[in-house]
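Below are the chains, spelled out letter by letter.
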Amino acid sequence: MYAYDTYDHAMVNARVAEFRDQVDRRMKGELTEEEFRPLRLMNGLYLQLHAYMLRVAIPYGTLSADQMRKLAHVARRYDKGYGHFTTRQNIQYNWPKLSETPDILQELADVEMHAIQTSGNCIRNVTTDQFAGAAADEVADPRPYAELIRQWSTFHPEFSFLPRKFKIAITGAAQDRAAVKWHDIGLVLKKNETGEIGFEVLAGGGMGRTPVIAKSMRDFLPVPDMLSYLEAMLRVYNEQGRRDNKYKARIKILIDAMGIEEYTRQVNAEWEKIRHVPIDVPEKEVARIKAFFAPPPLAVSADDVAEVTELANANFIFKAWLNNNAGAHKVPGHAHVTISLKPHGGIPGDASDAQMDLVADLADAYSQGEIRVSHEQNLILPHVAKKDLPALWAKLDEAGLGTANAGLLTDIIACPGLDYCALANTRSIPIAQSITERFDDLKRLMDIGPLKIKISGCINSCGHHHAGHIGILGVDRRGDENYQLLLGGSGAEDASKAAILGPGFNEVGIVDAVEKVVAVYLGEREDEESFLNAYRRLGPDVFKEAVYGTD
Amino acid sequence: MVLINLTGIQPTGYTLLADDAQPKEGENVAVSVERLLGENSSFFNTAGGVGAIITTGTAFSDLDRIADKLAFAVIEFPAFGDGRGFSLAVRLRKDFGFKGEIRATGPVIPDQALFLLRAGFDTVEVTTKRKQAFEAALSRFPGFYQSDFGGQTSIAHARHTVEGLGVEGHRKAS
Amino acid sequence: MAKKITGPQLILANRLDDGRAVFLTASGTWSNTAADSAVAENEAELDTLMTVAQAADLANLVVSVTPVAADTSGDAIAPAHIKFAMQARGPSVRADLGYQVSPNWEQ
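Residue numbers (my numbering), protein chains in the order written: chain Y, 42 to 592; chain P, 6 to 179; chain R, 1225 to 1331.
Please note that a few of the clues may not be correct.
[Unchecked claim] Derived contacts from chain P toward chain Y, CB cut-off under 7 angstroms, selection only:
#1 71
#2 92
#3 120
#4 123
#5 143
#6 146
#7 147
#8 149
#9 156
Simulated from the structure, these hints should not be mistaken for laboratory data. In this text the structure is predicted, and so the values were computed from the model without any measurement. Yeah, the Cβ is synthetic: ideal placement off N, Cα and C, and Gly gets one too.
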């Protein structure tokens, strides 16, 4: 993991001191709310329905056990004993006091964490594959590049006041677990014919009211050119992105208006001017950062472990958990383990302080002290020896963290919705709870197979409904909560936009509709066909008929 | 209004030239980019120093045509969140090697003082009430991850160019 | 003049310090309980309430002052729209948090 040196520490400490001064000036009335609002947003502090909300960055989703313990401590001491892990690899606290946020930020700074650029019209927390550095299918670990981007984008003198927020995602594997095609910029690590590592560069993706899938603009960008190319991309956007209408200010609108070819041409012209001027990072610095992400010293061992197989044969729930929540590691004899934050009937992405502390302890005991946070709102222990899986599972299960549903229908993404969020039109969490209760049957879930349900409580799409195999969008219909059903989206390498099936439902009707859609799939699927593939083959009509009837 | 001097440059005294007025011999004048694009060499020869009043909507390609004739530049921020002003200053410094004074005007906020300095601004016009906050903000951060036009090298370089320099030495050495 | 209103209104805000939702009362104080809200039946009354509320904003006591439709049909005054009703109660998915526990749930 990356470790701060004196420079990094000085930077976050200076930031905390600055914010403490700003909060102080606000409390004394020296700053008006209008002046203070952008300053608090730049420190991740929102005002929501019941209280302030603090969004803390978990850069590229990587956490140490000690950092997780600090998150638990903050939840306990300054909040209500829980936190909410988000689709952008952040954690949100729902009840902090304004006067205490500088203390919270100082506590976080002490463990090398911050809330810098988790809001505002700037380059946000860079996200990546939750299995980075562990996944068997990885070309290269994307995290050193994510850290380079984090540093380059932090307080960037030119790009801190962009037309709108800007999100970058990187994946190091062909199987895209970071939804890179739904980002303003997506980077896909790959090897060229000579074995050199570089990036495919995609641009202009995004959700919100105008969902757009990113377009590829460069097939292979050598690694040393990454920052200068990003600088050129941001420059064209900063100059030409619309500033007259916040709903049209994202880069996706600019690229749609000028065309990806013209955008690419302008970026390349910019790049020619600046690419030979080094953008700040000497080779030694790249090497220094890479060294932090050296693979942990895992001993290669056999993939088949007798006690694991025995327990799996004896215990169906463990077998299901092994099958769904433990994935192939690049070092034989190991697995990466997804800790589901989606207990049936629970709140997607929420974890209590005690659960966070337990995960920290388990990371120390079984996973080299490392934890990841996924955009699907789960926690991951990236480096677990297979022989430890039975013991790990037993401890997770005892704490309510053993739900064996990773990747299945009840592994639902949901935004906080109207239960917390000032922008929401409807609640999201209760819909997720109803669906997971309706489908509370592991055998049935495993029969249904991989199925991603994503729920947003408004068109801002924090719940990624556009990318759901089944997407649910809450809308305000004359003061009533109404839920639209969308089908056929994907956030993976085969990204697609979900399409609205028909008129919306109330909160009971939407759960019935999901059940009908699943029934159609089970009736129509061929062989091992997944839900998404079946939908793509069948089209919407057969689903529409089942949900709305024929007349 | 008062002028905050970010870099220690000698600030330019100038006249805002009315739309229909011509510069007096040797007079420093500030004129809109639109007008400068149409002015011929006699305009530039008559005036002492010519400065461009640059709105944030100014196309980079327009700067290309006048940058080498300018003695100073005044970049007007219509709102503090309009980040094009920073890019315009960077462009003048980086792409055109512009050495003259770059001044910021408009509702920029004290917390942007270091962003202005780092993007290449020399001076900023602020309300008297904000003077102290601006000056305080200038000394807030010991270093940044980017090399800048305030003369500071990036942390990335400082880590490797001067062994064991540490945070305190970083700012002095740059 | 306040905007035209079509029914009774109450004034909602958040306290500056801790951000908690609060309701303007007839005596010009801020309450944790929606039922304590002063209700404006017409534009002139709303103007009067908003003047008081905005003074509290200027005095750095509250932020996000918002007039919202009031439901006066039941025993207690409450915000009519679900969003503002949520602020009066707390998150529907956490019955252990917010004013639904008690107006003084944090003490």
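Status of the hints after comparison with the structure:
no. : hint : result
1   : 71   : violated (17 angstroms)
2   : 92   : holds (5 angstroms)
3   : 120  : holds (5 angstroms)
4   : 123  : holds (4 angstroms)
5   : 143  : violated (12 angstroms)
6   : 146  : holds (5 angstroms)
7   : 147  : holds (5 angstroms)
8   : 149  : holds (6 angstroms)
9   : 156  : violated (13 angstroms)
The structure does not agree with the numbered hints 1, 5 and 9 stated previously, though it agrees with the rest.
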